[in-house]
Amino acid sequence: DTGVSQNPRHKITKRGQNVTFRCDPISEHNRLYWYRQTLGQGPEFLTYFQNEAQLEKSRLLSDRFSAERPKGSFSTLEIQRTEQGDSAMYLCASRPGGGTYEQYFGPGTRLTVT
Amino acid sequence: KQEVTQIPAALSVPEGENLVLNCSFTDSAIYNLQWFRQDPGKGLTSLLLIQSSQREQTSGRLNASLDKSSGRSTLYIAASQPGDSATYLCAAHSRASRESGANSKLTFGKGITLSVRP
Numbered sequence: 013d014t015g016v017s018q019n020p021r022h023k024i025t026k027r028g029q030n031v032t033f034r035c036d037p038i039s040e041h042n043r044l045y046w047y048r049q050t051l052g053q054g055p056e057f058l059t060y061f062q063n064e065a066q067l068e069k070s071r072l073l074s075d076r077f078s079a080e081r082p083k084g085s086f087s088t089l090e091i092q093r094t095e096q097g098d099s100a101m102y103l104c105a106s107r108p109g110g111g112t113y114e115q116y117f118g119p120g121t122r123l124t125v126t
Numbered sequence: 004k005q006e007v008t009q010i011p012a013a014l015s016v017p018e019g020e021n022l023v024l025n026c027s028f029t030d031s032a033i034y035n036l037q038w039f040r041q042d043p044g045k046g047l048t049s050l051l052l053i054q055s056s057q058r059e060q061t062s063g064r065l066n067a068s069l070d071k072s073s074g075r076s077t078l079y080i081a082a083s084q085p086g087d088s089a090t091y092l093c094a095a096h097s098r099a100s101r102e103s104g105a106n107s108k109l110t111f112g113k114g115i116t117l118s119v120r121p
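Heads up: the sequence lines are chains A and B, in that order. First residue of the first sequence? That's 13 in the numbering used here, and the numbers climb one at a time after it. First residue of the second sequence? That's 4 in the numbering used here, and the numbers climb one at a time after it.
Possibly wrong hints are sitting among the right ones.
As the list claims (entries may be wrong) - Pairs of lysine-lysine, DSSO-like flavour, derived with a Cα cap of 27 Å: (1) LYS83(A) x LYS23(A); (2) LYS23(A) x LYS45(B); (3) LYS4(B) x LYS71(B); (4) LYS113(B) x LYS69(A); (5) LYS45(B) x LYS26(A); (6) LYS69(A) x LYS23(A); (7) LYS71(B) x LYS113(B); (8) LYS113(B) x LYS4(B); (9) LYS4(B) x LYS69(A); (10) LYS45(B) x LYS69(A); (11) LYS23(A) x LYS113(B); (12) LYS45(B) x LYS113(B); (13) LYS69(A) x LYS83(A).
Simulated from the structure, these hints should not be mistaken for laboratory data.
All chains, please: the whole structure from these sequences, using the hints.
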């Protein structure tokens, strides 16, 4: 257990529904990342927060996706009008500022869109 | 744009073998390189992190090396055991984009699925 938690761990939804995932980073970590991993692939970067500011967004993050980190602590990732292609593992990671740049990953949320 | 490659995609060895997993990356301007283990359906477990200024790191039966100039890293596993069976991913930590200044991200390879036969 790295200290990063994600909820829910599994989510099954029907195409067209909206879903929201939550990530709670290690408390003193001000940097937070979201990644997406599809079957047989390595994780791909989605977005990055420093405190509450979203500083980087991948082109993978279509306008159906939105991420927030309202108080610089936990973060949410929402997917609107889900599509089957959104089925994946969504991973959250956090790290402190400066230092080793080591990222600590949560257990992930597995999304299945039927 | 950083690209990370891991070849082969899968490897099967008998128990007790020493083995080397390879990772290559295209942009040598990295902050560090991290090796992860992933069991089926699970999240990522960090194994070793090598800073850009370091050449290698060791933890137990694992040893990771880094050669920035050639864009390569290797993960050496000594005396492999069936419990080592998993997917091993390497990830290069570098700038998120040309415009991003200090913003950074991990770029992962696709992983090597290792099976250690008893």
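Hints, one by one, checked against the model:
1. About 25 Å separates the Cα atoms of LYS83(A) and LYS23(A), which keeps this hinted pair within 27 Å; it holds.
2. Between the alpha carbons of LYS23(A) and LYS45(B) the distance comes to roughly 15 Å, so the proposed pair stays at or under 27 Å and holds.
3. Restraint check for LYS4(B) and LYS71(B): the C-alpha separation of about 16 Å stays at or below 27 Å, so the hint holds.
4. The straight-line distance between the Cα atoms of LYS113(B) and LYS69(A) is roughly 21 Å, inside the 27 Å bound, and the hint therefore holds.
5. Between LYS45(B) and LYS26(A) the alpha-carbon distance is near 23 Å, which keeps this suggested pair within the 27 Å criterion.
6. Only pairs whose Cα atoms come within 27 Å are accepted, and LYS69(A) paired with LYS23(A) is accepted, the gap being roughly 24 Å.
7. In summary, the hint linking LYS71(B) to LYS113(B) is supported, as the alpha carbons are separated by about 20 Å, within the 27 Å threshold.
8. A threshold of 27 Å between alpha carbons decides the hint, and for LYS113(B) with LYS4(B) the separation of about 16 Å falls inside it, so the pair holds.
9. Under the criterion of a C-alpha separation no larger than 27 Å, the hint pairing LYS4(B) with LYS69(A) is consistent with the structure, at around 15 Å.
10. For the hint linking LYS45(B) to LYS69(A), the alpha-carbon distance of about 25 Å falls within 27 Å, and the restraint holds.
11. Between LYS23(A) and LYS113(B) the alpha-carbon distance is near 24 Å, which keeps this suggested pair within the 27 Å criterion.
12. Restraint check for LYS45(B) and LYS113(B): the C-alpha separation of about 15 Å stays at or below 27 Å, so the hint holds.
13. At most 27 Å may separate the alpha-carbon atoms for a hinted pair to count; LYS69(A) and LYS83(A) meet this at roughly 19 Å.
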